[in-house]
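Residues 1 to 186, numbered by this note's numbering, are exactly what the sequence shown covers, in order.
Honestly, I wouldn't trust all of these hints.
Capping the alpha-carbon separation at 20 Å, the derived lysine to any residue pairs in SDA-like fashion look like this [as the list claims (entries may be wrong)]:
| hint | residue 1 | residue 2 |
| --- | --- | --- |
| 1 | K71 | Y90 |
| 2 | K15 | K71 |
| 3 | K123 | G64 |
| 4 | K123 | I110 |
Listed next, with one range per pair, are the computed distances between beta-carbon atoms [stated by the list, open to error]:
| hint | residue 1 | residue 2 | range |
| --- | --- | --- | --- |
| 5 | K159 | K129 | 33 to 41 Å |
| 6 | S63 | E12 | 31 to 39 Å |
| 7 | P11 | Q65 | 20 to 28 Å |
| 8 | S32 | I121 | 14 to 22 Å |
| 9 | Y20 | D111 | 30 to 38 Å |
| 10 | G133 | E12 | 13 to 21 Å |
| 11 | A80 | I14 | 30 to 38 Å |
Just so you know, the hints here were simulated from the structure itself, not pulled from any lab data.
Note that beta-carbon positions come from the ideal geometry of N, C-alpha and C, so glycine has one too.
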Amino acid sequence: MLTTIIQLYMPEFIKKKKLYQLFSLTADAFQSELPELRGFSYGECLAKYAIFTKNQAESCLQSGQPLEEVKLRLYQNSRAFGQKLRKSLYIKTWEEVVTTLKVCYKLIGIDFQCDKQNEFIIKQCFFSKYYSGEVCRLISSVDEGLVAGLSGDARLCFKERLSEGGSCCKGYFSRGLENEKSDSSR
1 MLTTIIQLYM
11 PEFIKKKKLY
21 QLFSLTADAF
31 QSELPELRGF
41 SYGECLAKYA
51 IFTKNQAESC
61 LQSGQPLEEV
71 KLRLYQNSRA
81 FGQKLRKSLY
91 IKTWEEVVTT
101 LKVCYKLIGI
111 DFQCDKQNEF
121 IIKQCFFSKY
131 YSGEVCRLIS
141 SVDEGLVAGL
151 SGDARLCFKE
161 RLSEGGSCCK
171 GYFSRGLENE
181 KSDSSR
């Protein structure tokens, strides 16, 4: 029910609050300070997020520090965020997970579509004009964590990326047997 409502309308202050939370969890994962966001519009904050994540990821990639540690922090922080969303929106079914992902992605300029075979396609992505393929692969740990948190156990797997010269992003969700059984019995 709540997932249907958020598809139709989300107040600006809630969008900004969720973007700030995304900014915070990402900065925490990179062990970095948040840039100043007060006084900026939602669109300006989103552009700041894209630049911030690009710069942080590039810095990590160039520093030679172990990327797995950063990926793990991005994943864990985002998973906790997804779990909170799941609880607050009373998400129970896979369809509600997908609907919530569509809304979340739409808010950050990503055109996300998913079919019945659990394959997804992204034809437009706000971040593709900022990210290289390497940066996208690192930052997609946030996406992976969000999906795991919202669903309980699903994995997000990319097959193609806009940031690597693809015409779109393509991939699929790998879901646990337990989750699939519970969805088919509803």
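Okay, the hints, checked on the actual structure:
Distance hint between K71 and Y90 is unfulfilled; the C-alpha atoms sit about 28 Å from each other, more than 20 Å. Between K15 and K71 the alpha-carbon distance is near 25 Å, which puts this suggested pair outside the 20 Å criterion. Between K123 and G64 the CA atoms are separated by roughly 32 Å; this puts the pair beyond 20 Å, and the hint is violated. Under the criterion of a C-alpha separation no larger than 20 Å, the hint pairing K123 with I110 is consistent with the structure, at around 8 Å.
At about 21 Å, the beta-carbon gap between K159 and K129 misses the expected band of 33 to 41 Å. Between S63 and E12 the beta carbon distance is about 37 Å. The supplied range of 31 to 39 Å therefore holds. The hinted window of 20 to 28 Å between P11 and Q65 is violated, with their beta carbons roughly 39 Å apart. Distance hint check for S32 and I121: the Cβ-Cβ separation is about 32 Å, which falls outside the suggested range of 14 to 22 Å.
Distance hint check: the CB atoms of Y20 and D111 are about 23 Å apart, inconsistent with the given range 30 to 38 Å. Between G133 and E12 the CB atoms are about 33 Å apart, so this pair departs from the stated range of 13 to 21 Å. Distance hint check for A80 and I14: the Cβ-Cβ separation is about 19 Å, which falls outside the suggested range of 30 to 38 Å.
This entry does not satisfy hints 1, 2, 3, 5, 7, 8, 9, 10, 11, going by the numbered hints stated previously.
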